[in-house]
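Fit the two chains together into the complex; they arrive one by one in their own frames, and the hints show the way.
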Amino acid sequence: MMAATLCGKLLPKQGWLPVTQSVRHGSKAVTRHRKPIHILKQKLLAVTKYVPPTPVVPKGAYPSERQEVKEESGFVLLLKRELKKLFQDYKMVAVAQNCNSNAEDMRILKHRLHRHGIAVKFFPNQVMCSFLSDSVYSNMAPLFIGPTVLFVSKEPKVKEMLTSLRSSPQMTLLGACIDNTLLSAQGVVSYSKLPSVSVVQGELVSGLAMMTAHTASMLQRHPAHLSALLQQYVKQQSSEEAPKAEEAT
Amino acid sequence: MAATLYTAWAVGGLTGVCRVNGHQQGPLHCHLKVLVAGLQTYEIPPDYSDVVLPAKPKLKFVNKVPNLKKPKREPKKLRDIQGPTRGADSFTQGQYGIVALGGGYLHWGHIEMMRLTINRKMDARTMFARWCISGPYKPITRKGLGQRMGGGKGAIDHYVTPVRYGRLIVEVGGKVELEEVKHILTEVAKKLPFPAQVVSRESLAALKKKHADMEQNNQNPWTFKQIVQGNMLGIRRVVSPFDVHHCGRFSGKFHFPGRV
Numbered sequence: 046m047m048a049a050t051l052c053g054k055l056l057p058k059q060g061w062l063p064v065t066q067s068v069r070h071g072s073k074a075v076t077r078h079r080k081p082i083h084i085l086k087q088k089l090l091a092v093t094k095y096v097p098p099t100p101v102v103p104k105g106a107y108p109s110e111r112q113e114v115k116e117e118s119g120f121v122l123l124l125k126r127e128l129k130k131l132f133q134d135y136k137m138v139a140v141a142q143n144c145n146s147n148a149e150d151m152r153i154l155k156h157r158l159h160r161h162g163i164a165v166k167f168f169p170n171q172v173m174c175s176f177l178s179d180s181v182y183s184n185m186a187p188l189f190i191g192p193t194v195l196f197v198s199k200e201p202k203v204k205e206m207l208t209s210l211r212s213s214p215q216m217t218l219l220g221a222c223i224d225n226t227l228l229s230a231q232g233v234v235s236y237s238k239l240p241s242v243s244v245v246q247g248e249l250v251s252g253l254a255m256m257t258a259h260t261a262s263m264l265q266r267h268p269a270h271l272s273a274l275l276q277q278y279v280k281q282q283s284s285e286e287a288p289k290a291e292e293a294t
Numbered sequence: 003m004a005a006t007l008y009t010a011w012a013v014g015g016l017t018g019v020c021r022v023n024g025h026q027q028g029p030l031h032c033h034l035k036v037l038v039a040g041l042q043t044y045e046i047p048p049d050y051s052d053v054v055l056p057a058k059p060k061l062k063f064v065n066k067v068p069n070l071k072k073p074k075r076e077p078k079k080l081r082d083i084q085g086p087t088r089g090a091d092s093f094t095q096g097q098y099g100i101v102a103l104g105g106g107y108l109h110w111g112h113i114e115m116m117r118l119t120i121n122r123k124m125d126a127r128t129m130f131a132r133w134c135i136s137g138p139y140k141p142i143t144r145k146g147l148g149q150r151m152g153g154g155k156g157a158i159d160h161y162v163t164p165v166r167y168g169r170l171i172v173e174v175g176g177k178v179e180l181e182e183v184k185h186i187l188t189e190v191a192k193k194l195p196f197p198a199q200v201v202s203r204e205s206l207a208a209l210k211k212k213h214a215d216m217e218q219n220n221q222n223p224w225t226f227k228q229i230v231q232g233n234m235l236g237i238r239r240v241v242s243p244f245d246v247h248h249c250g251r252f253s254g255k256f257h258f259p260g261r262v
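Order-wise, the sequence lines are chains D and C.
The numbering used here puts the first residue of the first sequence at 46, with every later residue one more than the last.
The numbering used here puts the first residue of the second sequence at 3, with every later residue one more than the last.
So that you can see chain C by itself, here it is in the shape it has in the complex (with noise of 0.2 Å):
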């Protein structure tokens, strides 16, 4: 409680400064000491008592590839990477996480430098980190230096991680508070390969509700949605079934936050 720790201050600010005759000694009196106006008030720290540590709370190792029989070689697909997630983009166990504000691929290299990176700096006493991500699982395949274009498709150079927008990469959790976990997550973030955020439960929560409300308060009469679903002056012929579909917010792998 704030008050047994003033009390604690003001008895043993007395002790020893001064014994004035047959004045009150006690808690609440201040000798020598006179208040300033106003009052520093201590915001109690949350109680983490229900927190529960995994008993391995490091990210862990992942294979650069997966392993298979037989490796086959994949079309690109890029589709992957288009759009929004299908899935995995709230939070299971951590409070802190890293979202994925635009598409990409992670491939080993920045696995690593994330496993590395969060593994080194954070306190495993008092956090945990967990993958939001598999391992790499699609092969990227490249033909060997200087060939001339045919001859079939090359060889399977390295395994990928498709990510969408808005996919959670990384979770952490534990006792501790967002301040102690960002400068981590921001330096990992920073060196991802699509724009990257940090958000803890309540400011993803917040992301979304954003949005939400961008849609509700538009007061522009006319939408992206009801001009393309209509058909209006014909723009279906310069407008793709998928940007129909997710109304102008998604080109490529790029999200725009400013649109509707």
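Next up, chain D with everything else stripped away, as it sits in the complex (with noise of 0.2 Å):
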């Protein structure tokens, strides 16, 4: 650095030298330690600082727009195969919940279902949900919340259902889809209480044939009952037409 000076600068006359010579050790660019900065680049460093972005609405406040739309793996989509099949198969899908049932109490009720043909499935709700939402039963989604059971059927049989599950007390029916239609629990028990198809269409048939029936076991009965019984028609007309006359006059 001294020499440096020295020879940078023109000798003003000849074999002079200065009197005192200061030696200036610095420390070099590259250093162990941090260098100490000078007070104006430490302001300049202070002004050119980075500053982010604020965002208007703070991270958080309002749920993303975009949803994420998950690739379904292979196992959800068969099961959603088989969901679309059993809505197709079963005329009645049944919802219960079941708190803690045991692997006996669910054999024993498995088995109680079996011997009236309704079996009984088990489904993921996330799986149930998805797919009812994109199918014709999206009303029902509201049921599958908890540990859901379902129990399926081709022919509704509701009695025996509710008999098997009343034996059971941790299933409680929560609705059930019968024949498209969709009933909540109380709907359900007073679908139980309807009479069967057969008995309706026998009360219908017997409604209609009722006058004739009627009328063909009076045939039936002795010829003076019958008579008797027209006689006194005729005089009730009669009796009729008489104040109807004195009414009109």
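Please note that the accuracy of each hint is not assured.
Dumping the calculated DSS-like pairs for lysine-lysine here, alpha-carbon to alpha-carbon at most 30 Å [what the hints assert, rightly or not]: (1) D:Lys136 - D:Lys166; (2) C:Lys145 - C:Lys66; (3) D:Lys136 - D:Lys73; (4) D:Lys80 - C:Lys155; (5) C:Lys227 - D:Lys86; (6) D:Lys80 - C:Lys78; (7) C:Lys78 - D:Lys73; (8) D:Lys86 - C:Lys140; (9) C:Lys62 - D:Lys73; (10) D:Lys155 - D:Lys238; (11) D:Lys86 - C:Lys211; (12) C:Lys210 - C:Lys66; (13) D:Lys73 - C:Lys140; (14) D:Lys115 - C:Lys210; (15) C:Lys210 - D:Lys104; (16) C:Lys210 - D:Lys94; (17) D:Lys129 - D:Lys115; (18) C:Lys79 - D:Lys80; (19) C:Lys192 - D:Lys73.
If you are wondering where the hints come from, they were derived from the structure by calculation, not from laboratory data.
So this is what it looks like as structure tokens:
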């Protein structure tokens, strides 16, 4: 440093050397420690600091608009196909919630239901809800919360199902979809109280045929009885006509 | 496929546990087990069929001294530590590596430590490692103990490899994921004489992108580059030409990640 300054400057006269020569040993550019920075450079660095952009809405205030679309795994697709077949094949699909039922209770219940041709199915709620949201039965989706079990059967055997469920206290019926109609728990109970189709048909037929059957039975009785009835009828008719004629006049 | 795993599990769970008469037995029919709400889907593990492992997967031995006929004493030239790397800052063969976040010299002891640790801990059947730095070539001189100043430059004591910010030191690849390799590389990275970080290809790209994004969305109207290039307030008096070039991000061997 010293030599450099002396050689760089021109000596004022020949053979002249300054009295004092200052020797300054600064540290090199690359040091092991953090070099002290000149105050002006410190100010420059402070002024030119990075300022990140402030979001207008803080993060987490609103839910993100984009919904993450997850690719469904092969197993989920398989389950959905099963569900589709289920809704096509089975007329009655009942949903119940089971709270801590043992394997033994489950087995007994399954055996009881199997005797009436009702099958017990398990499906995960997530898969069920995603399947229902796409299908016609979207209103069934709120039923599938918590540990749910599906009781499916080809014939709507509601009475037998209710009797089996009454025996197991853990199962609580939530709702059912019978013949493409959604029913609540009370709806299912009232449906069970309805008479069967054959009974209703018989009642209808009997109602229609009641008049003819009555007349047939009357004709089968003794003719004297019939003649007495007819005379009484004629008297009634005449008694009705007389007051009517009086009213008219 | 996940479906086959589940069928195997379902069928395996049935046999010998319960023979329920007349019930359907087959895949997807759980008899005794009640499925829990929700579905555990397992991610399909990555496919490594196209990864080729080299013949010698372990790190090679590196010489302490380069074999030169006449080793010459070199000046210190500390600028080989200063600033960012000129090259060797991207992956070539491996997937994961150690990147230097500062400048420094690696001597044979560091290199041996890295070689021994990585060779001991890695699984040669599934992964390979590769040096991204050359062996020590820069001679460092030392004078004997108790010598006074003067009397010429000292003799060569040892050799070092200079490393700049952003340089890759070691690359690891193979049929492995980052988590399997991370613990090995962090152990090594902690012992290096400069700050270092374990990166994968994606994370290295993300680091570079982060800096680019910072430059893009800086809300400060005043930038170091603008003030210094225009020599506002005569600031060039206290700012070196190196800082002018690198916009105040480096000081000696240190790098400041917050500077833009």
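Against the 30 Å threshold, does the CA-CA distance of Lys145 (chain C) and Lys66 (chain C) hold or violate the hint?
It holds: about 20 Å lies between the C-alpha atoms, which stays within 30 Å.
Below or equal to 30 Å on CA atoms is what counts here, so check Lys79 (chain C) against Lys80 (chain D).
Holds, because 18 Å separates the two Cα atoms, which is no more than 30 Å.
Can you confirm whether the C-alpha distance between Lys80 (chain D) and Lys155 (chain C) stays at or below 30 Å?
holds, 26 Å
Checking one constraint from the list: CA of Lys78 (chain C) to CA of Lys73 (chain D), max 30 Å. Satisfied?
holds, 11 Å
Can the restraint linking Lys210 (chain C) and Lys94 (chain D) be considered satisfied, given a maximum Cα separation of 30 Å?
holds, 19 Å
For Lys155 (chain D) and Lys238 (chain D), compute the direct alpha-carbon distance and say whether it is at most 30 Å.
Holds, at about 23 Å.
Is the straight-line distance between the alpha-carbon of Lys73 (chain D) and that of Lys140 (chain C) 30 Å or less?
holds, 19 Å
Does the structure keep Lys192 (chain C) and Lys73 (chain D) at a Cα separation of 30 Å or less?
Since the Cα atoms of Lys192 (chain C) and Lys73 (chain D) sit roughly 27 Å apart, the hinted pair holds (cutoff 30 Å).
Lys115 (chain D) and Lys210 (chain C): Cα distance at most 30 Å?
The given pair, whose Cα atoms are some 29 Å apart, holds under the 30 Å limit.
Please work out if Lys210 (chain C) and Lys104 (chain D) have their alpha carbons no farther apart than 30 Å.
It holds: about 24 Å lies between the C-alpha atoms, which stays within 30 Å.
Mind checking the alpha carbons of Lys80 (chain D) and Lys78 (chain C) for me, to see if they're no more than 30 Å apart?
Answer holds: Lys80 (chain D) to Lys78 (chain C) is near 19 Å, not above 30 Å.
Check whether the Cα positions of Lys86 (chain D) and Lys211 (chain C) lie no farther apart than 30 Å.
Judged against 30 Å, a Cα distance of about 28 Å means the pair holds.
The structure does not agree with the numbered hints 3, 8, 9, 12 stated previously, though it agrees with the rest.
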